[in-house]
Amino acid sequence: MKIRTKIIWISCIAVFAASIIGDVIIMILAKNSFMEEALVQAFHNSYEIVADIVSQDNLNMSQDTLDKYYEYYFKSKGDDYNICLRVGENVNSEMNCIEIFNHTIIDKKILLDLQFKNYDNTEIIQYSYLDIGEEHYVIFKSMIESQYLYYRIENISYVQSKSEILTVCLFVITLVLTAFTSSIMFLVLKRVFKPLQELNETTKQMAKGLYNKRINIISHDEVGQLGESFNKMAEAVEIRTHSLEESEKKKTLFMGNLTHELKTPMTAISGYAQTLLSTKLSKEQQEESLIYIYEQCGRLERLSKKMIKLLELDNGEGIELIDTPIADIFEAVKKSCTAVLREKEVALELQHNDEIFPMDSDLMTDALINLTENAVKASKTGDKVILKSYGSFIEVQDFGQGIPDDEIDKILEPFYMIDKSRSRKSGGAGLGLALTALIVKKHNMTLTVKSEIGKGTKMILQFV
Amino acid sequence: MKILIVEDEEPIAKMIQMNLMAANYDTQIYNDGLETAEALKEDNQYDLALLDVMLPGMDGFELLKVMKSYDIPVIFLTARDDLLSKVQGLKGGAEDYIVKPFEVLELLVRIEKVLERFNRMDNVVKVLNMEINFKEHTVRQDGKEVALKPMEFNLLAVLVKNKNIAISREKLLKMVWGVDFLGETRTVDVHIGQLRKKLGLSSNIKTVSKLGYRLED
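As given, the protein sequences belong to chains A and B, one line each in that order.
In this text, residue positions in the first sequence follow this note's numbering: the first is 1, and each later residue adds one.
In this text, residue positions in the second sequence follow this note's numbering: the first is 1001, and each later residue adds one.
The hints are simulated quantities; they were obtained by calculation from the structure and are not laboratory data.
Some clues are possibly wrong.
Claimed, not checked - Think about it this way: if two alpha-carbon atoms lie no more than 25 Å apart in a straight line, the pair counts; the simulated BS3-like pairs of lysine-lysine are: (1) B:K1197 x A:K280; (2) A:K250 x B:K1086; (3) A:K263 x B:K1197; (4) B:K1163 x A:K283; (5) A:K75 x B:K1174; (6) B:K1198 x B:K1126; (7) A:K280 x B:K1210; (8) A:K249 x A:K309; (9) B:K1206 x A:K280; (10) A:K458 x A:K334; (11) A:K410 x A:K458; (12) B:K1086 x A:K251; (13) A:K280 x B:K1068; (14) A:K335 x A:K377; (15) A:K250 x A:K309; (16) B:K1086 x A:K249; (17) B:K1171 x A:K280; (18) B:K1210 x A:K283; (19) A:K68 x A:K109; (20) A:K441 x A:K249; (21) B:K1171 x B:K1197; (22) A:K455 x A:K410; (23) A:K213 x A:K190; (24) A:K280 x B:K1126; (25) B:K1198 x A:K280; (26) B:K1068 x A:K283; (27) B:K1086 x B:K1113; (28) B:K1002 x A:K280; (29) B:K1002 x B:K1068; (30) B:K1086 x A:K280.
Only a predicted model underlies this, so the values are computations on that prediction, with no experimental measurement involved.
With the hints as extra help, turn the sequences into a complete structure.
Below you can see the structure in the form of structure tokens.
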């Protein structure tokens, strides 16, 4: 069962019970007061008559005359609720009792058997209750002239019906109150629990993997605070998951590319080996096959060397940075690139102001050789490549074909090649720039690529 | 029989070419997808195409459509061995899908099967002084018919179809007698002996040490 339903049920029951207890108390009090009122009224009625009779001076009348007189008196009152009995010396004896006036169905025997209580602490007027059928009566008794008993009957059934109406009213009020309370509770709780419900839904969706779900925070109470905390948590989870997914994706891509780069030379090597073993070849073809095997082995070796370097740099701790004149490094780069430069007839121009940067000279040389070789590859025959350092910048600039805008972001990724077949022919695997980027990162430097199609590319390294 | 090889890795393309030439196929190599599509406009008389998937210019799946328009059956030859690529290739209408690295003999057999399916195999092949009719299962040597037992003919057929390529005894057993055959490789040696004797091929059916037999012309 939902908490909301539970709370509503409990509060309904509580309100109902409290209200019923109140009802019962009110009913008891009201009934008593009704009864009191009815009694007083009845007493007054009977008292008036008793007083009236007593005020008449009829002491000297004979018994017969008195009988006749009372009969006449009560008849003249025209009130059928009066009863007059004459009793002898022994009041309780039925034998001596004569009904002077009785228009009711109540027998004198019943009247004489009734137990009367004193009213108002006087023994003059006594009263008792009597139920006949559905009707309730109160009977007042007074002794007149020590021989006559006067009874006054009053119907008090209306007290019962009055209190019944009251009961119904109270019960209806109780029901209305309970319904009202529960609907108020329902509305309030709905408002209170709405964020909780939303929280629940969102949690379920997050569990399904929709980490971008958030909660709308309406209030700033405890539930609202819970929502805020939840959103913060969701944010953290999303960022974490995203970065994990991203790195996983990168890893998969890397592995896929690596497999491809490994498979190609392997296919060639194994194919040529099989061909040499099983196919009838001419002497020239055999030599050609061996050369291909040798070349492809070299390709695998270069790939593995670069991979190892990449892994070492990636896993290893920080590198040792020693203040080194940039001129030395530039010279080393120029020396290493001599063959490539000569082959394409590209001139390498060195520009520097004897800057000294904190560097790992071997790694920085590697990085710059990579960039320079790429620049030479992009250049046309007879172009020049500029290797420049100024302020906190090192720049490699070529005037070659340039890099398309949508490729600039990708060129630093491992195995990315803009022109696949050309790069392959020149023995690349697409790891050079990735390696360079890693070296640059290890030096706490940034690498910016500025390129324009047909005009050339600038690779800018900046010490931060 | 002319086979088109589209492969951007020159060493692999050359390796395939060497083997196909030895087995008596004519070949043409292209390194670029777009270049291939252009060249096909001029000359599209090919019996089969071997396509790499990752090609510069136009990828293999695109090129497959071009090949289909010229009714050239296609076998994909690629390093991509994920299921999606295979499904894409085969659904696109390729006849076969071979993942690198592959075995040369496997490539040859698959080429042969595709060619058979497209009825592009010649029914009659002339090797040395023999004329082999695959349809009628007959061999004529210098015009005279030589009587061969069914298994001897089948063995000769495999050797002729993979001319100049050595095939191991185990492979021969599988290719000629079938996978279920429980015989020993000795059976192959006996039948080779029969062929050498009946057709006088003792110098042409070579025993390649550690490998098997090769029919040379």
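Checked hints:
Note on K1197 of chain B and K280 of chain A: the hinted pairing holds, with a Cα-Cα distance of about 23 Å set against a maximum of 25 Å. Between K250 of chain A and K1086 of chain B the alpha-carbon distance is near 23 Å, which keeps this suggested pair within the 25 Å criterion. The straight-line distance between the Cα atoms of K263 of chain A and K1197 of chain B is roughly 44 Å, outside the 25 Å bound, and the hint therefore fails. At roughly 18 Å between alpha-carbon atoms, K1163 of chain B and K283 of chain A fall within 25 Å of each other, so this suggested pair holds.
Between K75 of chain A and K1174 of chain B the CA atoms are separated by roughly 140 Å; this puts the pair beyond 25 Å, and the hint is violated. A threshold of 25 Å between alpha carbons decides the hint, and for K1198 of chain B with K1126 of chain B the separation of about 17 Å falls inside it, so the pair holds. A C-alpha spacing of about 15 Å is found between K280 of chain A and K1210 of chain B, which places the hinted pair at or below 25 Å, so the restraint holds. A hinted pair counts as satisfied when its Cα atoms are at most 25 Å apart, and K249 of chain A with K309 of chain A qualifies at roughly 22 Å.
A C-alpha spacing of about 10 Å is found between K1206 of chain B and K280 of chain A, which places the hinted pair at or below 25 Å, so the restraint holds. Annotation: proposed proximity of K458 of chain A to K334 of chain A holds, straight-line Cα distance about 18 Å (limit 25 Å). Between K410 of chain A and K458 of chain A the alpha-carbon distance is near 16 Å, which keeps this suggested pair within the 25 Å criterion. Restraint check for K1086 of chain B and K251 of chain A: satisfied, since their Cα atoms lie roughly 23 Å apart, inside the 25 Å limit.
Proximity of K280 of chain A to K1068 of chain B is assessed by CA-CA distance (about 34 Å); at most 25 Å being required, the pair is judged violated. A distance of roughly 17 Å separates the Cα atoms of K335 of chain A and K377 of chain A; the hinted pair therefore holds under the 25 Å criterion. Proximity of K250 of chain A to K309 of chain A is assessed by CA-CA distance (about 18 Å); at most 25 Å being required, the pair is judged to hold. Of the pairs offered as hints, the one joining K1086 of chain B and K249 of chain A holds, with about 21 Å between alpha carbons and a cut-off of 25 Å not exceeded.
Note on K1171 of chain B and K280 of chain A: the hinted pairing holds, with a Cα-Cα distance of about 18 Å set against a maximum of 25 Å. Using a Cα cut-off of 25 Å, the hinted pair K1210 of chain B and K283 of chain A holds, with the two alpha carbons roughly 21 Å apart. Distance restraint check for K68 of chain A and K109 of chain A: the Cα-Cα separation of roughly 22 Å lies within the 25 Å cut-off, and the hinted pair is therefore satisfied. Distance check on the hinted pair: K441 of chain A and K249 of chain A sit about 21 Å apart at the alpha-carbon level, within 25 Å; holds.
Note on K1171 of chain B and K1197 of chain B: the hinted pairing holds, with a Cα-Cα distance of about 22 Å set against a maximum of 25 Å. Taking the CA atoms of K455 of chain A and K410 of chain A, the gap is near 20 Å; set against the 25 Å cutoff, the hint holds. Taking the CA atoms of K213 of chain A and K190 of chain A, the gap is about 22 Å. The hint holds against a cut of 25 Å. Only pairs whose Cα atoms come within 25 Å are accepted, and K280 of chain A paired with K1126 of chain B is accepted, the gap being roughly 18 Å.
At roughly 24 Å between alpha-carbon atoms, K1198 of chain B and K280 of chain A fall within 25 Å of each other, so this suggested pair holds. Under the criterion of a C-alpha separation no larger than 25 Å, the hint pairing K1068 of chain B with K283 of chain A is inconsistent with the structure, at around 38 Å. Of the pairs offered as hints, the one joining K1086 of chain B and K1113 of chain B holds, with about 19 Å between alpha carbons and a cut-off of 25 Å not exceeded. Annotation: proposed proximity of K1002 of chain B to K280 of chain A holds, straight-line Cα distance about 20 Å (limit 25 Å).
For the hint pairing K1002 of chain B with K1068 of chain B, the CA-to-CA distance comes to about 16 Å; that is within 25 Å, so the pair holds. Restraint check for K1086 of chain B and K280 of chain A: the C-alpha separation of about 33 Å exceeds 25 Å, so the hint is violated.
Hints 3, 5, 13, 26 and 30 from the list above are not met by this structure, while the remaining hints are.
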